[in-house]
Structures are given as structure tokens and as C-alpha cells.
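From first to last, the protein sequence lines are chains A and B. Mapping of the first sequence onto numbering that gives the first Met the number 0: residues 0 to 220, in sequence order. Mapping of the second sequence onto numbering that gives the first Met the number 0: residues 0 to 239, in sequence order.
Calculated directly from the structure, the hints in this document are not laboratory data. Any given hint might turn out to be false.
[As the list claims (entries may be wrong)] Covered, in the sense of this in silico footprint (three residues per stretch, anywhere, with C-beta under 8 Å from a C-beta of chain B), are these stretches of chain A:
#1 76-90
#2 151-165
#3 205-217
[Claimed, not checked] Here are some chain A residues the structure puts well away from chain B; computed CB gaps all over 12 Å:
#4 Ala19
#5 Pro33
#6 Ala116
#7 Asp173
For glycine and all other residues, C-beta sits at the position ideal for the given N, C-alpha and C.
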Amino acid sequence: MHLTRFEINPARRAARAMLASPQKIHGAVMAAFPGSLPTAEDGRVLWRVDRHQHRVLLYLVSPHRPDLTHLVEQVGWPTTSGWDTRDYGALLDTLDVGQQWAFRLRANPAQSRRKDATSTKSQRFGHVTVSQQTQWLLDRAERHGFVVPHGEQDEPDVAVRDRDLSTFARQGRDVTLATAVFEGILRITDPVALRAALINGIGPAKGYGCGLLTLAPVRRA
Amino acid sequence: MTTLLLRLGAPLQSWGTGSRFVRRNTDRAPSRSGVLGLLAAAKGLRRTDPLEELLGLRIGVRVDQVGSLERDFQTARTRDGKNAMPLSYRFYLADAVFAVAIEGDEALLVGLRDALRAPVFPLYLGRRSCPPAGKLLHDLADGTVAERLAGTPWMASPWVQERHRHADVTLDTVVDCTEDEPGVELVQDEPISFDPRHRRYGWRSVRHRPVTIANPAYKPALPDPASDPHCPMAAFEGLA
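With these hints in hand, go ahead and build the complete structure from the sequences.
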């Protein structure tokens, strides 16, 4: 597995057009793998766009080493920076029970239910409130091999930010996603399950920039 | 050698060495004659008294806070208002701070320190209208002028120190020196007599030299605000 970071130049016209639509980023990301598209047994490709002040970073988790030359040429800085790919397996092997990490996850918290009593099929409905979205993550934490410890205020150490209800075009029809970014601290309870979550993602809309969980060292201010 | 350390800070100061007639200039740093005059006033010497015992002192000045130049256009009249005095320009240094090191015989300096604590005549910074503000007298300690000026903490106002966003600060010093040193500057600033009927000043050689000292208000810069605090790549630190 590989973790890749690529910096997007948001001043470029092509970059703005791409960032406007998760469908377009998805296409550009999938074009980073030469040969056939990754199959189910390879593991899947996850991506996420992080914005901080004027910097826009694209993170990528993939079973194969990506070639982002086309992205560098179209939306990056062709002469100054390329991309940074690391062997994710080396990091995943060091994960162990009890470790604490800072995490960030952009997800599409959603529930499946029938729209009303007369509906024959169930549909996905996005959670839109902070409490619903937080609860959605906490409900899944144990299954994915971690717990969110309680912080100083005796509340789970997770913050929800950048809540967004976005709509974009996909094959002539509109897709609407309720997304949120979760940031906080996690403690590992089951390294195997967490490794699977890091590789395969959490929740729906994984093709559209959701579900990629990243870990970083805990830094206390 | 023993050195007495003073801090000269005030809303206004004025240190003239080359002023003539109606234009009364100020230097950018205290003059030797001005500092010796201040010491003489503290000891209670009259203007006609001999200055010999003070002339052996070595004086060095450090410009801790540059201050700004103020010009006063003065239109004084006689008391009854009938006659105008000559129109004059008087220049002042506003909001400046100087560290002054006075090196000399220990017994003499102890006497001067006691005199500064209980001065006979009022003390002022170059001109009668400029009384000192804040703590004037610092300490009496061993060391030469150069050592004291290089080792004394920065005395500038807190707001000046906070605005100076570097770990150290380079300050100009003006120190007495011999005539044959390189970069020497001659100023007519050696008081021979403060007698109002015939003031006399000899020539004096000084040298400007920068000293670099720490800025006590310096705080290291915060991490780059443009860098994201959550950096997954940092998790690879320490891995092969």
C-alpha cells in the first residue's frame, strides 16, 4: 500500500475546475494508475482533498504506486514540486494496541431507511447535524478497531468541521452528498481492523473523497 | 575598574554640543559635558566651581531607544509682553533611552552614586525643561565602560522591545577613545568650565561602535500558519 501527498496549485484554472467536482477528481485520481483499473482484490483507491489556508493538498491511499505526472502538469507546480509517495505498509505494521494518534477523516455520514411508509426501496439519507454526524462516527469506531478517548470536558475528543452539503453532476444526473471532516484523537484497540479501515475507508462515497482516514502524531499545543 | 550605570530616559532630552545663537541643536546621544554637568549638579557644584575631579571619568553611552527629533519654534517675549526675544529653534529628542556607563575611581563613584540619590540641584537631561523619567540610577559594579555597555540588558521601553521581532538587537555606542584610533571622531565636548560668563569646552575624541545584546521580549515565531497541523507524512518519521 502507498500513501501519496500531492499539492494542488489552486491558482490554475484547471485546478479550480477540478476541485469544483468530486467526480472530476475521482477521474483524475483513477487515471494515475497505469494499465487496468484496480480490481476488488487489489484493494481500493481512496483520496481526500485537505485545504488549509491557501494550500490545497490531495492525499491518496492506493495499492499501487501512482503516477501523478498528468496532475502535476495540469493542476500542480511542474517545475518546483512533484508528489511524495511513501510505503504505507511500513507504517501500518507498526500500529499496535493502545497507541494514540491524531486522526482526520472526511466522511459521508449517512443512514439507510425508507423515505416513507409506502416506499418499496430504502435510500441513503445523509446526516446533517453535528450530533448525528459525531454519533455516526462513534458508532463505527469499535468496528474499525479504535476508540475515541474522552478529552478534558469529558466528551469524546473529536471535532466536526467543514460540514457541507454539496451537489455535483455525474453522468447527467446530480449527486448530493452531506460530508463532514472529523478531527480528533483515537486509541487503537484492534490493529487489524484499523489497518483494514485505513486501506478500505470508512462509510459511503469513497469514490468522492470520503472515507480516507489518516493518522498523524499527536501534537499537544 | 568600577563603573556606574545610569539610564537616561525622558519624554524630552536635548544634548547640544555645537549649538550657536538661535538654533539650539541636539545630538542623537548624550554629550560628555551634559552628563558631567548632571553629576556636578547632583554633587552641588556651582557653575563657577572647578571640575577637575570629574574630568578623569570615562563615559560611554549606548543608544537603547533612538527616539525621534522634535523641533520647537520658540517665540518668547519679555514678561510685560512688549518686547520679543529672538525667535529661536530648539531641538529635542523625544522618547529616547540611553544607557550611560561612567568609569573611574571607586571612591569618587560611590560619592557620585550617593549624590545622585540625594541631588543638591535638580537633575535634568541636557536642558532644564527635561527632567529624567523612570529609574535613573542603576548600579555600581566592576568592569570597564565597554564591558558594561555590552553586558547590560536592553533598557528600551517594553513596546519597543516587543516590536523588535528578533532574538538580539544591535545598538550603537559612543565611547571615549584616544585620538589615534581608527574611525575616531572629534567633538567639542570636553567641559573645562561651566562658568556662565565664559563657558569653555575642549575637544574630545569618540568612537561609534555597535554592540549586540539579547532582546528580552523576543518570542520565537509560531509555526508557519500556512502549514497544516495535521500532517500524515509526519507519521513516517523514524521509519526506514
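Status of each hint after checking the structure:
no. : hint    : verdict
1   : 76-90   : holds (count 4)
2   : 151-165 : violated (count 0)
3   : 205-217 : holds (count 4)
4   : Ala19   : holds (21 Å)
5   : Pro33   : holds (24 Å)
6   : Ala116  : holds (44 Å)
7   : Asp173  : holds (31 Å)
Checked against the numbered hints above, the structure breaks only hint 2 and satisfies the rest.
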